[in-house]
Structure formats: structure tokens, C-alpha cells
Amino acid sequence: QSGDIALGVLVANTADRRSRGMMYWSGLPPSSGMIFIWEQTRERSGGFWNRNVPIDLSVAWLARDGTILEFTTLYAEDDTTKRPQQPYFFVLELPHGRFERMGIALGDRVLIPETLLPN
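In our numbering, the protein residues as written are 1019 to 1137.
Keep in mind that the hints were calculated from the coordinates and are not lab data. For clarity, every value in this text was computed on a predicted model and none was experimentally measured. We put the beta carbon where it would ideally sit given N, CA and C, even for glycine. No false leads were mixed into what you were given.
For each label pair, taking beta carbons as the anchor points, the in silico distance ranges come out as:
| hint | residue 1 | residue 2 | range |
| --- | --- | --- | --- |
| 1 | Asp-1022 | Glu-1095 | 31 to 37 Å |
| 2 | Ser-1044 | Asp-1097 | 17 to 23 Å |
| 3 | Ala-1094 | Gln-1058 | 26 to 32 Å |
Produce the entire structure from the sequences given, and follow the hints as far as they go.
This is the structure:
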């Protein structure tokens, strides 16, 4: 990790917000996205798809401490469920390719404000 990068993201921390995600959005500003937050670690069986999302997204699967465990791509309007290879706590979605362009890599840590963390 070479330094801090600030992102403005929307927070999906309720069942309703997580289930809707970015459905029907037409685009995102380059340094914005959505973070999905749960109250406990999710097993790898919980996956993501891009149904009714007209844009490609890059997804980072994160551990509870914010460490990036895996990346995947969700393609526009694709119903294919993508699952990580290990349990995760957060998911961060950004415009496709944004992690790579910002130099963010596996093992880097996403700092999540304490006010967003579950008790």
C-alpha cells in the first residue's frame, strides 16, 4: 500500500439497501461506489450479481479489519452469482477497473469509519 486514497461511498447496511445495491443506476462518479456492511462475517456462500445494474463493477471482498481478500468483476445485467473463496465481512463496489487504476491490491486495507462499524 503506497498511501491513502479517499473514496465517497454510499452505505448499504440494512437488508433492504443490501438487496437493492446499485440496481437501475446508470453510472457512478470515478471515485465513488457502495460499501455493503453486515453485523457478522458472511460465509462464502453469500454472493453478488449484477441483475438490473447497467454498468460493470469491480468488487473487493474484505475481512473484518478491512483487508482486501479478493477481487471480482460483475458485468452489466449479468445474473451470474459471484462468490469469494473465503468468508468476508464487507464488500466494496466501485466502477469497473477503478481498484487497478488507483493501485489498490490484494492485502491492502480499507479504513472504514468507526461510525459505520456494527457493534
